[in-house]
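Undergrad: Sequence:
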Amino acid sequence: MLLHTLQLQCNIKWFSYTLARNCAILTVGVDESWRRVNIDYLSVKSTITFTFAPLTTEGFIHWANSKCTHIVTFNVETETIKETPVPDGYGERVKHYLSTGSSLTLFIPCGEYSWEVLKMKPETGEWTKLSKIDLEPQKGKFEHLVNECRPRPGGSSLVLELVGWLNYEEVLVLRGSSVRVYILYNVRMQEIDFFELDYSFCYSSFNVHRNSLIYG
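Sequential numbering of the sequence shown, starting at 14, is according to this note's numbering.
Incorrect hints may appear among the rest.
What follows is a set of in silico ranges between Cβ atoms, one per label pair, in the way DEER data are often shown [said to hold, decoys possible]: (1) H109 x D206: 18 to 24 Å; (2) D53 x T141: 39 to 45 Å; (3) R201 x F65: 28 to 34 Å; (4) T141 x V43: 17 to 23 Å; (5) K145 x N180: 38 to 44 Å; (6) V107 x R201: 24 to 30 Å.
Calculated pairs, DSSO-like style, for lysine-lysine (alpha carbon to alpha carbon, straight line, at most 27 Å) [as the list claims (entries may be wrong)]: (7) K152 x K142; (8) K80 x K145; (9) K154 x K134; (10) K80 x K154; (11) K80 x K142; (12) K142 x K58; (13) K108 x K145; (14) K95 x K108; (15) K134 x K145; (16) K134 x K58; (17) K134 x K95; (18) K108 x K142; (19) K108 x K80; (20) K95 x K154; (21) K108 x K152; (22) K95 x K58; (23) K95 x K152; (24) K134 x K152; (25) K152 x K132.
Just so you know, these hints were derived from the structure itself, not from any lab.
Every residue gets a Cβ at the ideal spot worked out from N, C-alpha and C, and that includes glycine.
All chains should be built: construct the whole structure from the sequences, respecting the hints.
TA: This is the structure:
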């Protein structure tokens, strides 16, 4: 099978009170010009998600935002774009999205250290509810691990931020705010580990690469 590198360009611009929308694709080494992708049927709210950094799964590119009620997905093979609604009851709630590498997961905070988790199948847009991640009982252990590595300034409370998945849906990576400590939570084994990054990488972004994370 011959694989080609695709470049996708989506622009959303405001001119006075008119929204200009366009999306184009180019196959590197094959195409000599950009090919337009039809997005006229997408709602205005959905196309605004193009202004945010996308998430990728195997063969798909997704645009999502915590305030939007739909996810926009580009199918690399068919070169089509579609909207997928957030499951009923979650549209207006705070949302976080992470790629597992093979699917897109939606996190709904239930507390400081707990989340409902749903998984979307990119091919169909079908949602499946996964087991709830509840780390509230582990709060003391998290704080102990973080303080052991790097005490927080002024004894401020620890806030956990979602970073990404390792080994698809096996290990969830979280980051302690105001510190350089990253926490690894094995969902199946319910085990906790951590690692620390240099200061220069403290504010780096992460992307899923198969069953690992790349930061930069």
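Undergrad: All hints, please: hold or fail.
TA: Structure-based check of all given hints:
1. H109 x D206: 18 to 24 Å: The hint (18 to 24 Å, Cβ to Cβ) holds, given that H109 and D206 are roughly 22 Å apart.
2. D53 x T141: 39 to 45 Å: Taking Cβ atoms as reference, D53 and T141 lie about 31 Å apart, which means the hint is violated.
3. R201 x F65: 28 to 34 Å: Given a distance of about 31 Å, which is inside 28 to 34 Å, the answer is holds.
4. T141 x V43: 17 to 23 Å: The hinted range 17 to 23 Å is violated for T141 and V43, with Cβ atoms some 36 Å apart.
5. K145 x N180: 38 to 44 Å: violated (20 Å)
6. V107 x R201: 24 to 30 Å: Since the Cβ atoms of V107 and R201 sit about 26 Å apart, the hinted range of 24 to 30 Å holds.
7. K152 x K142: With a Cα-Cα distance of about 24 Å, the restraint between K152 and K142 holds, given a limit of 27 Å.
8. K80 x K145: holds (22 Å)
9. K154 x K134: Violated, at roughly 34 Å.
10. K80 x K154: violated (32 Å)
11. K80 x K142: Judged against 27 Å, a Cα distance of about 20 Å means the pair holds.
12. K142 x K58: Holds, at about 25 Å.
13. K108 x K145: holds (14 Å)
14. K95 x K108: holds (20 Å)
15. K134 x K145: holds (18 Å)
16. K134 x K58: Measuring from Cα to Cα gives roughly 22 Å; hence the hint holds.
17. K134 x K95: holds (13 Å)
18. K108 x K142: holds (14 Å)
19. K108 x K80: Distance of about 7 Å is within 27 Å: holds.
20. K95 x K154: It is violated: about 43 Å lies between the C-alpha atoms, which goes past 27 Å.
21. K108 x K152: holds (21 Å)
22. K95 x K58: Judged against 27 Å, a Cα distance of about 13 Å means the pair holds.
23. K95 x K152: Roughly 40 Å between the alpha carbons, so the hint for K95 and K152 is violated.
24. K134 x K152: Violated, because 32 Å separates the two Cα atoms, which is more than 27 Å.
25. K152 x K132: holds (25 Å)
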